[in-house]
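Could you put together the complete structure from these sequences and hints?
As a plain string of letters, each chain reads:
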Amino acid sequence: DAEITQSPRHKITETGRQVTLACHQTWNHNNMFWYRQDLGHGLRLIHYSYGVQDTNKGEVSDGYSVSRSNTEDLPLTLESAASSQTSVYFCASSPRLNNEQFFGPGTRLTVL
Amino acid sequence: RKEVEQDPGPFNVPEGATVAFNCTYSNSASQSFFWYRQDCRKEPKLLMSVYSSGNEDGRFTAQLNRASQYISLLIRDSKLSDSATYLCVVTNYGGATNKLIFGTGTLLAVQP
Chain G
1 DAEITQSPRH
11 KITETGRQVT
21 LACHQTWNHN
31 NMFWYRQDLG
41 HGLRLIHYSY
51 GVQDTNKGEV
61 SDGYSVSRSN
71 TEDLPLTLES
81 AASSQTSVYF
91 CASSPRLNNE
101 QFFGPGTRLT
111 VL
Chain E
1001 RKEVEQDPGP
1011 FNVPEGATVA
1021 FNCTYSNSAS
1031 QSFFWYRQDC
1041 RKEPKLLMSV
1051 YSSGNEDGRF
1061 TAQLNRASQY
1071 ISLLIRDSKL
1081 SDSATYLCVV
1091 TNYGGATNKL
1101 IFGTGTLLAV
1111 QP
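Those sequence lines, one after another, are chains G and E. This note's numbering puts the first residue of the first sequence at 1, with every later residue one more than the last. This note's numbering puts the first residue of the second sequence at 1001, with every later residue one more than the last.
Don't take every hint at face value.
Subject to a maximum C-alpha distance of 25 Å in a straight line, what follows is the list of computed SDA-like cross-link-like pairs (lysine to any residue) [as the list claims (entries may be wrong)]:
id, chain 1, residue 1, chain 2, residue 2
1, E, 1042, G, 24
2, E, 1079, E, 1043
3, E, 1079, E, 1058
4, G, 11, G, 82
5, E, 1042, G, 52
6, G, 57, G, 80
7, E, 1042, G, 28
8, E, 1045, G, 82
9, E, 1042, G, 84
10, E, 1002, E, 1015
11, E, 1042, G, 54
12, E, 1045, E, 1031
13, E, 1045, G, 80
14, E, 1042, E, 1005
A short list of chain G residues far from chain E (calculated; beta carbon distances all over 10 Å) [as the list claims (entries may be wrong)]:
id, residue
15, 13
16, 27
17, 28
18, 41
19, 83
20, 101
In case anyone wonders, no lab produced these hints; they're calculated from the structure. The beta-carbon is built from N, C-alpha and C at its ideal position, and this holds for glycine as well.
Shown next, in the form of structure tokens:
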């Protein structure tokens, strides 16, 4: 069955370290998204991509970057982790814009 | 003002009760509307889309009022398994940033 996976599921890191969170989908969806979810803020868009080699900034993109070298993967990199980036990160994909998004199981990141 | 606003709850209701959630959105140009369900420490999943004419799926009914810019979700005959956070989601068209805007969610706890 097609699916969307994230790894690792849990990560503890130290301030200043570079961290990469993986997202992989097998639906062949062009559109992929990264969100963070924090209490009181709901889901906030970090970066998104509409296809290979396309990346765009969302509302909370500072300190994060993404790359899209193929359809299946959209890794999220924290260049220099900060305690404010402690959060739950969700990756999502969708076949069409403004349509249902399918979410991965999430990555719980703690920055000490 | 947040683009999508929801009453955070919690709504504590007994089994069998009928419960309604409302959600307001600020952008009158919003085109697509959804309700997502999120279980504790899990990813959001689409519950139902919301159409202008209103739509029903079993015990769940969604309504859209464009004039007043609000969306509602009605759950009849509540089950224990309905306990979750319900996220109101709208899609805004605008330039190259067609994306979903999530509310912070309404927590429902169905009591035995």
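For residue 1002(E) and residue 1015(E), compute the direct alpha-carbon distance and say whether it is at most 25 Å. Answer violated: residue 1002(E) to residue 1015(E) is near 32 Å, above 25 Å.
Next on the checklist: At 10 Å, judged by beta carbons, does residue 13(G) keep clear of chain E as stated?
Outcome noted: 20 Å, holds
When you check the alpha-carbon spacing of residue 1045(E) and residue 1031(E), does it fall within 25 Å? At roughly 20 Å apart (the allowed maximum being 25 Å), residue 1031(E) and residue 1045(E) satisfy the hint.
**Prompt:** Looking at residue 27(G) again, its CB stays over 10 Å from all of chain E?
**Reply:** 14 Å, holds
Item to check | Restraint status (C-alpha distance of residue 1042(E) to residue 1005(E) at most 25 Å) | outcome: Distance ~22 Å between residue 1042(E) and residue 1005(E) Cα, so the pair holds.
Notebook entry, point to check: Holds or violated: are the alpha carbons of residue 11(G) and residue 82(G) at most 25 Å from each other?
Noted result: 13 Å, holds
- Taking the closest pair, is the beta carbon of residue 41(G) still more than 10 Å from chain E? Its Cβ does come within 10 Å of chain E, the nearest being 7 Å, so this is violated.
Practice prompt. Mind checking the alpha carbons of residue 1042(E) and residue 84(G) for me, to see if they're no more than 25 Å apart?
Written response: Since the Cα atoms of residue 1042(E) and residue 84(G) sit roughly 21 Å apart, the hinted pair holds (cutoff 25 Å).
Does the structure keep residue 57(G) and residue 80(G) at a Cα separation of 25 Å or less? Distance of about 18 Å is within 25 Å: holds.
- Task: Say whether it holds or is violated: residue 101(G) keeps its Cβ farther than 10 Å from all Cβ of chain E.
- Result: Since the minimum Cβ distance to chain E is about 6 Å, residue 101(G) lies within 10 Å and the statement is violated.
For residue 28(G), which was marked as not at the interface, is the minimum beta-carbon distance to chain E over 10 Å?
-> Holds, since 19 Å exceeds 10 Å.
Hinted pair, alpha-carbon criterion (25 Å max): residue 1042(E), residue 54(G). Please report holds or violated.
Judged against 25 Å, a Cα distance of about 28 Å means the pair is violated.
Of the hints listed earlier, those the structure fails to meet are numbers 5, 8, 10, 11, 13, 18 and 20, in rising order.
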